[in-house]
Amino acid sequence: GDSVTQMEGPVTLSEEACLTINCTYTATGYPSLFWYVQYPGEGLQLLLKATKADDKGSNKGFEATYRKETTSFHLEKGSVQVSDSAVYFCALIRSNDYKLSFGAGTTVTVRA
Amino acid sequence: EAQVTQNPRYLITVTGKKLTVTCSQNMNHEYMSWYRQDPGLGLRQIYYSMNVEVTDKGDVPEGYKVSRKEKRNFPLILESPSPNQTSLYFCASRPTGYNYGYTFGSGTRLTVV
Numbered sequence: 195g196d197s198v199t200q201m202e203g204p205v206t207l208s209e210e211a212c213l214t215i216n217c218t219y220t221a222t223g224y225p226s227l228f229w230y231v232q233y234p235g236e237g238l239q240l241l242l243k244a245t246k247a248d249d250k251g252s253n254k255g256f257e258a259t260y261r262k263e264t265t266s267f268h269l270e271k272g273s274v275q276v277s278d279s280a281v282y283f284c285a286l287i288r289s290n291d292y293k294l295s296f297g298a299g300t301t302v303t304v305r306a
Numbered sequence: 107e108a109q110v111t112q113n114p115r116y117l118i119t120v121t122g123k124k125l126t127v128t129c130s131q132n133m134n135h136e137y138m139s140w141y142r143q144d145p146g147l148g149l150r151q152i153y154y155s156m157n158v159e160v161t162d163k164g165d166v167p168e169g170y171k172v173s174r175k176e177k178r179n180f181p182l183i184l185e186s187p188s189p190n191q192t193s194l195y196f197c198a199s200r201p202t203g204y205n206y207g208y209t210f211g212s213g214t215r216l217t218v219v
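Chains P and A, in that order, are what the protein sequence lines are.
Going by this note's numbering, the first residue of the first sequence is number 195, and it counts up by one from there.
Going by this note's numbering, the first residue of the second sequence is number 107, and it counts up by one from there.
Derived from the structure by calculation, the hints contain no laboratory data.
Take these hints with a grain of salt, some might be off.
Stated by the list, open to error - So the derived label-pair ranges between C-beta atoms look like this:
no., chain 1, residue 1, chain 2, residue 2, range
1, P, THR199, A, GLY203, 36 to 44 Å
2, P, GLY223, A, ASN132, 29 to 37 Å
3, A, GLY122, P, GLU210, 48 to 56 Å
4, A, SER173, P, GLY203, 33 to 41 Å
5, A, GLY122, P, GLY203, 31 to 39 Å
6, P, GLY223, A, THR192, 34 to 42 Å
7, P, TYR233, A, GLU176, 41 to 49 Å
Quick caveat: nothing in here was measured; it's all calculated off a predicted structure.
Just so you know, even glycine gets a beta-carbon here, dropped at the ideal spot from N, CA and C.
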């Protein structure tokens with residue numbers, strides 16, 4: 195079945211540091227890939243997405259590139275802020291499915 | 107504003123007392139889904155619906171019911187809640203087409219004592 199594997203947290207960073215959260219997936223066909231973010235006490239918000247190989251999704255300074263050859267979709271940000279403290283989820287949807295399959299989530303804390 | 111609205115946000119109930127968590131979306135989305143989020147287990151799909159009157163089980167459907175009588179509404183029903191259903195619940199919707207992500211509601215934190 196489909197699966198998404200994220201690097202385990204928690205991750206603690208200082209402001210302006212670089213952030214990378216690794217995500218790899220297992221799925222048949224060509225899934226669409228997503229990063230969601232959950233701020234404390236809130237629901238999940240779509241951060242960015244990519245729907246085909248070599249697509250780059252970007253939003254709020256975050257980027258991720260759909261790498262089919264390595265089945266990866268790593269999230270990166272060059273300079274984090276305290277407001278980026280949240281839980282980040284990698285997820286996928288297969289073309290013939292209705293389910294969003296999530297990774298376990300990575301908790302990121304950014305300190306001033 | 108395009109959104110998914112869940113109610114209530116917080117609920118404490120007793121074992122066996124039937125309850126309904128409502129979910130409504132104003133984006134005319136075909137697909138709707140319920141997830142539960144638990145520490146160490148992540149997000150798991152409970153039920154989903156492809157359109158009005160079309161629903162199917164997700165990964166953890168036991169103890170839950172759903173209905174989709176109108177396109178905008180997708181209530182989650184717990185006929186006899188038990189403590190193991192204490193969780194954070196999210197409703198989500200998306201349009202047809204797998205390259206669209208789901209839009210999530212703000213969540214319902216349910217405690218069953």
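To see whether the hints hold, each was checked on the structure:
| no. | hint | result |
| --- | --- | --- |
| 1 | P:THR199 to A:GLY203: 36 to 44 Å | violated, 26 Å |
| 2 | P:GLY223 to A:ASN132: 29 to 37 Å | holds, 32 Å |
| 3 | A:GLY122 to P:GLU210: 48 to 56 Å | holds, 53 Å |
| 4 | A:SER173 to P:GLY203: 33 to 41 Å | holds, 37 Å |
| 5 | A:GLY122 to P:GLY203: 31 to 39 Å | holds, 37 Å |
| 6 | P:GLY223 to A:THR192: 34 to 42 Å | holds, 36 Å |
| 7 | P:TYR233 to A:GLU176: 41 to 49 Å | violated, 31 Å |
In this structure, the hints that do not hold are numbers 1, 7, in rising order.
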